[in-house]
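Visitor: Join these two chains into a complex; the hints should help.
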Amino acid sequence: MTAPAVPMPTPVVTTGSVRRPRTRRNVELALLIFAMIVVALYSASVEAGMIQKVTPDFWVPIGATFVIFLGMHFAIRWLAPYADPVLLPAVALINGLGVAFLRRLDLGAAAAAERADLSPFTGDSVRQLFWTAAAVVGAVVLLFLMRDHKSLSRYAYTLGLVGIVLVLIPAVLPARFSAINGAKLWIKVGPEDDPFFSIQPGEFAKICLLSFFAYYLVRKREVLSLAAKRIAGIDFPRARDLGPVLVVWLVSLMVLIFEKDLGTSLLYFGMFVVTLYIATERVSWLIIGLLLFFGGAISAYFLGASIGGPFANFYDRANIWLDPFATADTTGYQLVQSLLGLGTGGMFGVGPGAGLPYLEDYDQYVLPAVHNDFVFAGLGEEIGLFGLTALLAVYLLIVERGLRAAITVRDSFGKLLTGGLSFTLGLQVFVIIGGISQLIPLTGQTTPFLSAGGSSLMANWLLVAVLLRVSDAGRTPVTLGSGGGGVVAPPQKLAEIPTEVVR
Amino acid sequence: MNAPLRRVGVVVMVLFGLLFANLNWQQVYKSDDYRTDDTHNHIRVQAQEYERARGQVVVDGSPVAKSVETTDTLKYLRQYPGGAAYAHVVGYKSVDFGATLVERMENDFLAGTADSFLDDRIAEMFTGKESPGGNTLLTLKKGVQETAYKELRDNQIGADRGAVVALDATTGALLAATSTPSFDPNKLTIHDSGAVREQINKLEKDPDKPLLNRAFSEIFPPGSTFKVVVAAAALENGVKPDTVLKGGSGYQAPDTQQVIRNAPGVVCPENITLKQALTVSCNTAFSRYGVEQLGADKLKEAAKSFGFEEQTTFTRDEKNTMNVAISETGKMEGPDGNVDRPALAQSCIGQRDVKMSPLQGALIAAAIANGGDQMRPYIIDTLQADARAVYHAQPSVLRKPINGDVAAQLRDMMTNVVENGTGRNARIDGVQVGGKTGTAQNGDAPDHGWFIGFAIKDGKKIAVAVLLQNAGSGGSAEATRIAGEVLKAALK
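Residue numbers (our numbering), protein chains in the order written: chain A, 1 to 503; chain B, 1 to 492.
The following block holds chain B by itself, in its conformation from the complex (with noise of 0.2 Å):
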């Protein structure tokens, strides 16, 4: 009996041997798909995340967002120091729902897992240390971005809702955004998924929408504001500042019995300049114009050059994960094909199917303060892997709607606005300012306040945009008081 029970012997290590091959199937040939299984074996690769500090991501030297570690299973708590004020911008990494903005747009070097931290992975394999994310540093600045918070939520109007953007336009880059009503990323970030739930639910079901990214994801009617767009086409076809124009009280577009008036309290002669018509927001001029001599082509056009209809993304964020809207023009077209031209009427006045973001609106201002060159957006000024910068912002013009000429017409226009028309609210001592205001309407709901414009001095050209959604009555004259705190803060 013995050569059998050798035998068995042969048999028991030919199983254990299919064991043990199978163990390296498992454990070596498929152990990077389970690991990093987010499907099924989400629960570890979680955890794994959270082995390791998170990078900070900084405004002006102090963290808006950084990692403290904790005695969870998770080991370290997302927390916002900037909280509310921040949040449409830096957005929130949440346990179990996923991450927004800038903390998802740089998800990778913030967590550490980008390709730049190889030296750091193989370092840790024999130091056994983990070493923290990397440090994303923006662009904002803190005092343009809290003033522009503070004046927004604190407006004098008690408007729920509105939206600041502020951009650097000589560069681009983002000095401050910020949104209304905002929320408390520090509510999203803690380890009890069921808080965080119910959390995302309140706010969800809450009619002002505090989630809603208002200054760079939604798109509204611009009012008034569009005249800027439509004056830049108008110079671009020959029409001078102080070419006259048609105004007056009233204008009734061809195939309507519908007329364009002049908001209450303009006074628009029947002969006024492209200028004069900007200045005091003459509805009239500029709606005869686009119809009988622009043309619709030819404000779409220009409209385009500025970013409508396009997708504009910020630097680095090829994804779009900062949600930006397109502004659109919409459709001026009848069933026939041929231009609608009461459409094309009320388009000239930023009404009917045109929608711009905030954002779209600072871009407009910042590529006529920066003489035409519109440059392209950015957030992130520098990535720190272990305090060595590994990307550094590098500005690029993103388009060039206008010639210098055009820039400068419509910068002398519009700081003729604000300093002897409707934007005086957002004058600065000493400053070149220039702005259009813009009130529009929206169905039944009251009209939202529009302001978007820039300040120059000393080389420093800062572009901005405000908007109160549904601000009603005198929401332009406090959107445009808003914007002179944010470019007065901007120019410190």
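Looking at chain A on its own, in the form it has when it is part of the complex (with noise of 0.2 Å):
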């Protein structure tokens, strides 16, 4: 298909302009402020609805997490002054909605009495501040040591061979080791119950991969387009070219099966055929991904319910899913709490701190990992429809920016990085929300930006570095060329000039 010439965000050189291109970056600073605005308040309402009164120092949390963006946002304006001015506040927002939240917990966690003098140096929030802290230097340590996304390809075999191992760690390590809540995604060290440390390798392994799929994929998208028969007017590939596809099927099967977790199996697997089909512009890879996917999903349904055995944890999760009331209070309590939660919440919700996640008489949470995992619900009681929505179209935004990143950016190798991470990102938001909604299957994900964690934050903030970076180089005016800083050409005709991928 021809696509006629980019929309581009902002006017960049059009014919006959000698002006200099916009860098936005004071717009991406008003954006910025705005946002913290937005979580100051929320902060503020959650105080007015613990405490009945707004203390003195509700702002800490939130000026400190201000700083740190602040920070980001003068990186950006050193090391990427033309990327894109949405990302930053965007994901700002839903990181500092993230504190403010963590923050709401601690508050709600402390004894009524004395929640008026909490320190807002305590708790999750504060550890969940150092990690925005530590995610945010290592996401400017990235746009640093990457001026330039296409170095990514010099590593891609290293980076994907990384990636599987990230991604297989898990699996291989005695569940001690590796299994939280019976999925096993992470590394722990330290004691069993309460590790002292742990980190979820799969959020890392999401760039890594991507890297080599991308690499991979621009030097084989000729041969991936081939076309064997055509079907329906869908032109499928030949059987032979199956085999990367077969491939990573099976190993987000052996995920599924092996990690016991359905979300990081869809993700993986959505992640590759959607770069695939991103390559290749073959609507037949989506087909045959989906029919994969799926048909690999219900014969593991059916193999838990007759053999069990590594199956019967997919197999347990999706009867939960199906109906969860029927196992209210046992393995279904989870998702039944987060429906309630929702439920509770309504169209608006019952208001910043008003919620009832956790009983201070009962020492107990009411909606299990609520820190995590089912940050959503806990949310959605106090904020409602409505403040979801408003939270969903955010993260929209980031998804959106970024494939207009890559819809900007001139190379392949760039095009199918951020497509396949912007989507990456997305998908991992539907996974997720669609799980504590009930609309699929739970699996255990994290909410990117808002739940408490470390790997979670960190892998999502390097991918922010790498949206930020492949949109920089998107909106660079090019100096180069014939025609005085004519940017635009067809996208396509830039897009075979695989040369500069590899170089």
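In short, the hints are calculated from the structure, not lab data. Some hints here could point you the wrong way.
Computed spacing ranges between beta-carbons, pair by pair [claimed, not checked]: (1) B:Met13 with A:Val67: 56 to 66 Å; (2) A:Gly309 with B:Gly98: 24 to 34 Å; (3) B:Asp108 with A:Phe294: 47 to 57 Å; (4) A:Pro368 with B:Glu198: 51 to 61 Å; (5) A:Asp57 with B:Asp192: 28 to 38 Å; (6) A:Gly309 with B:Lys202: 44 to 54 Å; (7) A:Ser306 with B:Val68: 54 to 64 Å.
Which stretches of chain B does chain A cover? Using the computed rule of at least three CB atoms under 8 Å from a CB of chain A, they are [as the list claims (entries may be wrong)]: (8) 254 to 266; (9) 358 to 367.
Treat the numbers as computed from the prediction; the structure is a model and nothing was measured. The beta carbon of each residue, even a glycine, is placed where N, CA and C say it ideally should be.
Guide: Given below as structure tokens:
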């Protein structure tokens, strides 16, 4: 399909103009300040809801996050001046809300009388604050080291190998080092029940694997685009070209079986199939991918029902999904509580700080895992459908801006990498939020930028760094070449310069 | 590659659209189901309930149940300033163990969720203030209720268990209802469920069963108080108060070797009038009359007309939340279907399988005092939402067991019991007091002491029933004395 000239978010140099394209960094700063004001208002209303007054130091955690993001903003001015101005504020809004919500949970866990005096430097919120700082530093370092995203392709095989290893480590490790709530997705250090330190290597594997996929597919896209048969207007690939898809499919199934996690499996496979589709422009790959995935999942369900074993976990989860209230007190408890929280929130929510994720009198969480997997349900009880919809819109904005960066960047590797990462981010949001709201079977994914936890924050901020770098590359005016700043060229033409990728 | 990238953008939008649609389903369509799901969402349903100050239960202008604010997750704590004296009428509203009696019967109103609060709820949506639930004004009289509880608890013969019921005979309004031993409802409403569970276990294990409501929910052999019903049946069937019956010191019913005798000290000649037989409580005259003249059917019919064998409920309590027990006359037929005459003979003096609740006793006395019209008993006088009355009780006739003449004759006979017979302990100067004592055997356990009666003064008609369970010797005399005190308090 021949695409028309790409619509740019900001008018770059047009014919005859000598005006330098604007970096839009001040827009970013303004949006960032606006995002932080939203978070501060949220924090204030949390305190109003929980301790009936707003304490003078309510802004401290938000101020700290603002300082961190401001640092990121200046780093972008320096390292990626033409980067998309919406990405940082959007991510900062979600990350800031995450910190503020954890602060709300800290307040909730404290005795009512001590809430007003609870130090802003305790609990999960401050841990999340440190992780945010570390993740932002990581993102800045990546921006600094990776001045050109194409340099990633040089390490494609290494990254691919690292990705596979990261995915497989938890599967290979004994359960006591890798399982949390049945899903083997972790590397835990320290005591089994209360690990001193635990990381989710799969979060990092996403970026590594995508770099490899993008590199591999750019090289193989001609071959993979070859059509063998045309059925119902759709070109299907040759059987011998199915190899890589089948390999990734098998790996995904192994993740499903050995790491007992549908979400991660869906994430890797969806990531690969969509990158494949972007590279080849063949819808048939999407169809084959969907058939393989659903075929695999349905087979796993029936295998779980008949022979159990490694498939049993998936079978149980699917049954909980089909009727959570049947096992409301046991295996369905989490999902039931999530739904009850969401339903109680209703359209407008019960108000920040007024929900019941935690019961002080009983010293227990009504909504289990409200810090990470169920953070969206906990928020949903308090900010309602309207608040959640706004949050979803911000996520969608990040994904679509990422895809836009993919469209504007000129090289195939960048397009594939950025398109794949953006889609993966969107898919992850879909998997976890679909899971906690009973749209699809529940799996233990983190909610990007919102859940408590270092691995997820770190990996997703690195992802954002890549998006920023690529959007910067796409929007930086080209000074070389003929035409004096004629940036916009038919993209498919640019994409047909494979040598640029492997250089 | 840009075309597929755009399509991927559309795919992500579709995925997010699915999330949005599904959140609409869960948060809008299913919202009410989830919010009010008391089985699974109990904690939130409960917290919601405790968001609002529950209404007061009021007796004579002062609260006997109220809610005070706390700093717990459950914002209000239920307290009972009236304590144990009112526990068997007001009941309790616990956090995890339900509600009882008035607290349960008027729960929707007290909690503010009844339909009559619709205006308030709409106003709340704009003002954001949680308005309290409605106040429930009881018919109880503080003086009567507290006299009844105190006299019963501190009775002079050391009976641990008992009950008092007092009614306004002209309206059916409950003036006092108490049961001993009672319990402190304040200990059952604290927010520490473990402590409440412990307290309930303790009360349930207590051999005296303090949680039992002996005033309404338990039935006991009525003994000689049942002779009032037999006398009513006799008068309805043409017998006059001065009709001479056959009495004597013993009566041996057909088909049995057992002889019914009079209580020690009762003087009952061979020929005795109905009035005199009631006054001295002559067993032989009533048994013989029942077997030889009245018959089982007519006795049962008379008892039924007073409320035996029927579910009596208080006004506004169609579901019998107040847990009124059905009084029984029991079986008086043998295996062959014919009348079991020994059983009938015993039933006529309130033994065998005849069982009556103290409330039923008071209702019998009330019907007699009120000219034969038995008013429907009620506890709720007024329901107030925002100080405006949304309900006010309207007395209604429940049954017409006897006509006015028979009622007058019975009043006269029962007044004679108090003035000249076994009920002297209930006498009040300047007041017409009538009644009937009872001493009921129940197996090998000590006898129950009973008194049912009324006081009439200046158009005021008060009915009362007092039970001292297993009080043994002197029980009915003490019950009679307590009844006198309660009647005196009611006429003040």
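Visitor: Would you mind marking each hint as holding or not holding in the structure?
Guide: A quick look at each hint next to the structure:
For Met13 (chain B) and Val67 (chain A), the hinted distance range of 56 to 66 Å is not satisfied, since their beta carbons lie about 34 Å from each other. Range check, Gly309 (chain A) to Gly98 (chain B): Cβ separation about 46 Å, and the 24 to 34 Å hint is violated. A hinted range of 47 to 57 Å for the beta carbons of Asp108 (chain B) and Phe294 (chain A) is consistent with their spacing of about 50 Å. The given range of 51 to 61 Å is broken by Pro368 (chain A) and Glu198 (chain B), whose C-beta atoms sit roughly 28 Å from each other.
Restraint check, Asp57 (chain A) to Asp192 (chain B): a C-beta distance of roughly 33 Å satisfies the suggested window 28 to 38 Å. Between Gly309 (chain A) and Lys202 (chain B), the C-beta spacing of about 51 Å keeps the proposed range 44 to 54 Å intact. A beta carbon spacing of about 60 Å between Ser306 (chain A) and Val68 (chain B) agrees with the range 54 to 64 Å that was offered as a hint. Figure legend: the segment 254 to 266 of chain B, annotated as covered by chain A; annotation inconsistent (0 residues with Cβ-Cβ distances under 8 Å, at least 3 required).
Three residues within the 8 Å Cβ limit are the bar, and the segment 358 to 367 of chain B against chain A gives 0, so the coverage statement is violated.
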